Amino acid sequence: MAPLTAIAVAIAAWLVIGALGLARARSLRAVRVLFPLGAAVAVVVAGVALAALGDAPDMAVLPLGLPDLPFHLRLDALSAFFLVLLGSVAAAISLFSSGYFRAGEGTPPGLICFQYHAFIAAMALVLIADDAYVFMVAWETMALASFFLVMTDHRIPEIRRAGLLYLVIAHVGAIAILLCFGVLQGGRGDYTFDGMRAAVLTGAWPSVAFFLALFGFGAKAGLLPLHIWLPEAHPAAPSPVSALMSGVMLKTAIYGLLRVMFDLLHAQLWWWGAIALALGLTTALFGVIFAAVQSDMKRLLAYSSIENIGIIVAGIGLSVLFKANDKALLAGIALTAVLYHSLNHAVFKSLLFLATGSVLHATRERNLGKLGGLIHRMPWVAWLALVGTLAIAGLPPLNGFVSEWLLLQAFLFTPSLPQSFVNMLVPLAAAALVLAVALAAYVMVKFYGVIFLGRPREPNLAYAHDPGPRERGALTALAAGCVLLGVFPTAVIGAIDHVNGLLLDTSVGAAGQSTWLLLAPMAIGRASYSPLIVLAVIVAVVLITMEVVHRVWHGRVRRAPAWDCGFPLQTARMQDTAEGFGQPIRQVFEPFFRMERHLPSPFDDSPRYRVRATDHLWDWLYLPIVRAADAVGRLAGLIQRGRIAFYLMYSFATLLALLFFVR
Amino acid sequence: MTFAGLFSQLLQAAIALALAPLLVGWVNQCRAWLQNKRAPSILVPYRTIHKLFAKNAVVADNASPIFRVTPYVVFGAMCCAAAIVPSLATELPFASAADAIALVGLFALARVFAALAAMDIGTSFGSLGARREMFIGFLAEPALLMVLFTASLISGSTSLPTIVDTLAHRELAIYPSLAFAGVAFTMVSLAENARIPIDNPATHLELTMIHEAMLLEYSARHLALLEWAAALKLFNYSCIGLALFLPFGIAEGADWLAMLGAAPVLIVKLAIGGALLALIETLSAKLRIFRAPEFLGTAFLLAVLGMLVNLLLGS
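Just so you know, the protein sequences line up as chains F and H, in that order.
Going by the numbering used here, 211 is the number at position 194 of the first sequence; the sequence numbering is gapless.
Going by the numbering used here, 203 is the number at position 187 of the second sequence; the sequence numbering is gapless.
Hints were generated in silico from the structure; no laboratory data involved.
All values derive from a computational prediction rather than experimental measurement.
Be a bit skeptical, because a hint or two may be false.
Calculated pairs, SDA-like style, for lysine to any residue (alpha carbon to alpha carbon, straight line, at most 25 Å) [unchecked claim]:
| hint | chain 1 | residue 1 | chain 2 | residue 2 |
| --- | --- | --- | --- | --- |
| 1 | H | 71 | F | 578 |
| 2 | H | 71 | F | 584 |
| 3 | H | 71 | F | 574 |
| 4 | H | 67 | F | 570 |
| 5 | H | 71 | F | 576 |
| 6 | H | 71 | F | 604 |
| 7 | H | 71 | F | 568 |
| 8 | H | 302 | F | 600 |
| 9 | H | 71 | F | 565 |
| 10 | H | 67 | F | 581 |
| 11 | H | 67 | F | 604 |
| 12 | H | 67 | F | 577 |
| 13 | H | 67 | F | 578 |
| 14 | H | 71 | F | 387 |
| 15 | H | 67 | H | 218 |
| 16 | H | 67 | F | 583 |
| 17 | H | 67 | H | 55 |
| 18 | H | 302 | F | 597 |
| 19 | H | 71 | F | 581 |
| 20 | H | 67 | F | 569 |
| 21 | H | 302 | F | 604 |
| 22 | F | 387 | F | 581 |
| 23 | H | 67 | F | 575 |
| 24 | H | 67 | F | 387 |
| 25 | H | 302 | F | 603 |
All chains, please: the whole structure from these sequences, using the hints.
Structure (structure tokens):
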């Protein structure tokens, strides 16, 4: 079976699995079987796509849809790479879901099963769509399926509000994408992607298409200022859904952006890259600063997703900047970093969202201020989440570091650009990137330290326990992914290189001196990194030191109460809270926040401290839009008279106007 | 990777391990002299480490394994860095395992582990120290990157051996940009190594502590390893600074005889550097924690200035 056919069959299989779930909507036992089946299909998709990475683009036409508009499908290296991402991450999430969903909470499990599989199938269809029509159908199916999944607990008003916000922004973005395709076809009326590749855009039209794509896909990815739905929708959705949305769905937006910018548009202008770079870095810094002050664990992760998307888009910008200046190899390094980071983010963010799901199930608590000390109660989740935490904090030898290292290497070679201003500003952009990454480490120490370390802040945490074997298996697989992607970067880059070959006609793997042990994208003398050596040396030193210390001296340990400088009356409430841990960030980056602070008076018997840091953009951008929409709505209400004579008159006036214009 | 190369590699790491406490002892001695105190013996850090290894470890009741494994991980990361930084020779087998950026990542790994371990017991001072350490860390890293960026512009490489080769062995030129970057690097190193004016390594006032607050719950061998790791970190940072700005005298190649010849040069350079560090610590006062952004912001701007000088003047 050809790879493209196999993928199409897999999409159909997901839909069938979803329909079977729908047939037994209330049955939890059906769901326990159907989700692993979906996971198996996802593994097949990942495997087929991985094998097809190096193949020539394969196309097919399906006689589905409207009479004159068949479905055009295409599998090339870019689609295949994102299908690998989708398949591998979705497999782990499906396995986790099979143990996660319970009956009697919100939407019945069978219905969730249907929505979930429709969601995955739609994402896969987005990735292999080869005309605007299929793309938009799949894109909207994806948006609607995820909307219903976000609304799983629809009885809670905040969740309905979050879902509505998500739906509105998703559709604003979809309109921009539709318009973008309209521009791309160049007046020829051919909406297949092949037609768009053949179309010649002149004048300002390529730039218009670029901005529409940036807006439309940016709305899905969570770029500033359209990020607003992410921190609302992610906490509202069940954890596997958050993982799927954050890990995979955001990447479909990255896929769309890459498809339009590098494949459908012929030439790139350098200032597009500059804009994308600036926007990406602003988003990254904004996301991570807000993540640092959150006290809801899933909201914190949502803001962290905004940060990572910002880093990815900044990388795309850098790649465009190089491509426009005919530096294909550097563009390739930047693009490699983009794809690598997309994959990394999919793996570690899913891992962390699923871990929060386990914590949420075990404690029924999302608020960091009421957690703590869970490493003693939930060792599996805690240790696996530690891997994800270190990976997302960008620490060697795990995977987050590799992509950030590659991106920084690409930044370091910008002085070869002809635009001298850009040359001087881009190093500052690299500093902004490092600031974002260093802040991410701060955020993740807060996340991990407050949830899993310290002492339990509430008595009922003593009843928390590890999840079942399916959840543990899924978490272990994702954690192993973090380690493997981090330790064998050359293999991953070899796979990504097929995409470089497709989009940029260059090869990063062949140009450098990388070996299986050593990553050297240019030459070993210029920059090199070997995570395996680093890991081996650290592990060896740890083991040898332990052995030597125990042999030469001794290994005696005495357990005693914590010392804390001799302070006798310690309670768990004296630990740093999430608010306390975020306080330096609130202070340093104060202009970013709109702060509401309530400080108790010193004479208060039962003092309560309350602080709320919210987003300026909500007031400055969204509320005016809401008010304007409201005002327009009210004006439109003026013509609504409720009497048939008026409406007849309107029809008559319209007819007259049409006659006047059309004649 | 030859046997001789591996031997040179182990030799460099061993010399770093052996010299690191001596450097700390030397700085303490110089500082005592400058402050008109009777100086402790230069060997005190060794004795402290030995004493601590011999003691029984006391671990808090609710400590998790993270708390107990952290000293080893931090020590391991610092040893790994000591093997990679070209302190004595440039062409060691592990030198290509991490360039300057990856080294920064390695230090960040040690910092994150230390911060997590500090939060593990759940005491107020521990989490306070963790928070402040991470705070200083994220302020210092952009400045450090700009320094590395400026230094790498000259040789077109982020690999420390190449930078050393370019500056020390290929051409003799004076780079004004490196002067700015050198000052910035010094400021960042002070912050990263918990020295005055950001942190006070000799303080016993809990509320002003940063690095020491994270170690409050540690005792015996765990504390010994962390103290040793801190000394190694100072040693590593000094050697990175020397490699970037004063790379003269580092052996080219991996010949162990040449390395032994390079060792006296390194010791002289470290002695002068340590004395300067003691002087800086004596002349300045500790800053309030919220003045740290200004201090590190200055370092960042200096590094940016260095980079602009390089880009504008081409030198």
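Now for the hints, and whether the structure bears them out:
Of the supplied pair hints, the one linking residue 71/H and residue 578/F holds, its CA atoms being roughly 18 Å apart against a limit of 25 Å. Between the alpha carbons of residue 71/H and residue 584/F the distance comes to roughly 23 Å, so the proposed pair stays at or under 25 Å and holds. Between residue 71/H and residue 574/F, the direct Cα distance comes to roughly 10 Å. Compliance with the 25 Å bound is thereby established for this hinted pair. In summary, the hint linking residue 67/H to residue 570/F is supported, as the alpha carbons are separated by about 10 Å, within the 25 Å threshold.
Between residue 71/H and residue 576/F the alpha-carbon distance is near 14 Å, which keeps this suggested pair within the 25 Å criterion. Distance restraint check for residue 71/H and residue 604/F: the Cα-Cα separation of roughly 42 Å exceeds the 25 Å cut-off, and the hinted pair is therefore not satisfied. Our distance criterion of 25 Å between C-alpha atoms is met by residue 71/H and residue 568/F, whose separation comes to about 14 Å. Restraint check: the Cα-Cα separation between residue 302/H and residue 600/F comes to about 21 Å, which is no more than 25 Å; the hinted pair holds.
A hinted pair counts as satisfied when its Cα atoms are at most 25 Å apart, and residue 71/H with residue 565/F qualifies at roughly 15 Å. Between residue 67/H and residue 581/F the alpha-carbon distance is near 22 Å, which keeps this suggested pair within the 25 Å criterion. Annotation: proposed proximity of residue 67/H to residue 604/F is violated, straight-line Cα distance about 42 Å (limit 25 Å). A threshold of 25 Å between alpha carbons decides the hint, and for residue 67/H with residue 577/F the separation of about 21 Å falls inside it, so the pair holds.
Simply put, residue 67/H and residue 578/F have alpha-carbon atoms about 23 Å apart, close enough for the 25 Å limit, and the pair holds. Using a Cα cut-off of 25 Å, the hinted pair residue 71/H and residue 387/F is violated, with the two alpha carbons roughly 37 Å apart. Between residue 67/H and residue 218/H, the direct Cα distance comes to roughly 19 Å. Compliance with the 25 Å bound is thereby established for this hinted pair. Simply put, residue 67/H and residue 583/F have alpha-carbon atoms about 22 Å apart, close enough for the 25 Å limit, and the pair holds.
For a cut-off of 25 Å, the pair hint linking residue 67/H to residue 55/H stands: about 20 Å separates their Cα positions. Pair hint residue 302/H plus residue 597/F holds up; C-alpha atoms about 23 Å apart against a cutoff of 25 Å. Distance restraint check for residue 71/H and residue 581/F: the Cα-Cα separation of roughly 20 Å lies within the 25 Å cut-off, and the hinted pair is therefore satisfied. Using a Cα cut-off of 25 Å, the hinted pair residue 67/H and residue 569/F holds, with the two alpha carbons roughly 13 Å apart.
A threshold of 25 Å between alpha carbons decides the hint, and for residue 302/H with residue 604/F the separation of about 20 Å falls inside it, so the pair holds. Taking the CA atoms of residue 387/F and residue 581/F, the gap is about 22 Å. The hint holds against a cut of 25 Å. With a C-alpha separation of about 17 Å, the suggested pairing of residue 67/H with residue 575/F holds against the 25 Å cut-off. A hinted pair counts as satisfied when its Cα atoms are at most 25 Å apart, and residue 67/H with residue 387/F does not qualify at roughly 41 Å.
Taking the CA atoms of residue 302/H and residue 603/F, the gap is near 23 Å; set against the 25 Å cutoff, the hint holds.
Taken one by one, the earlier hints fail for this structure at numbers 6, 11, 14, 24, listed in ascending order.
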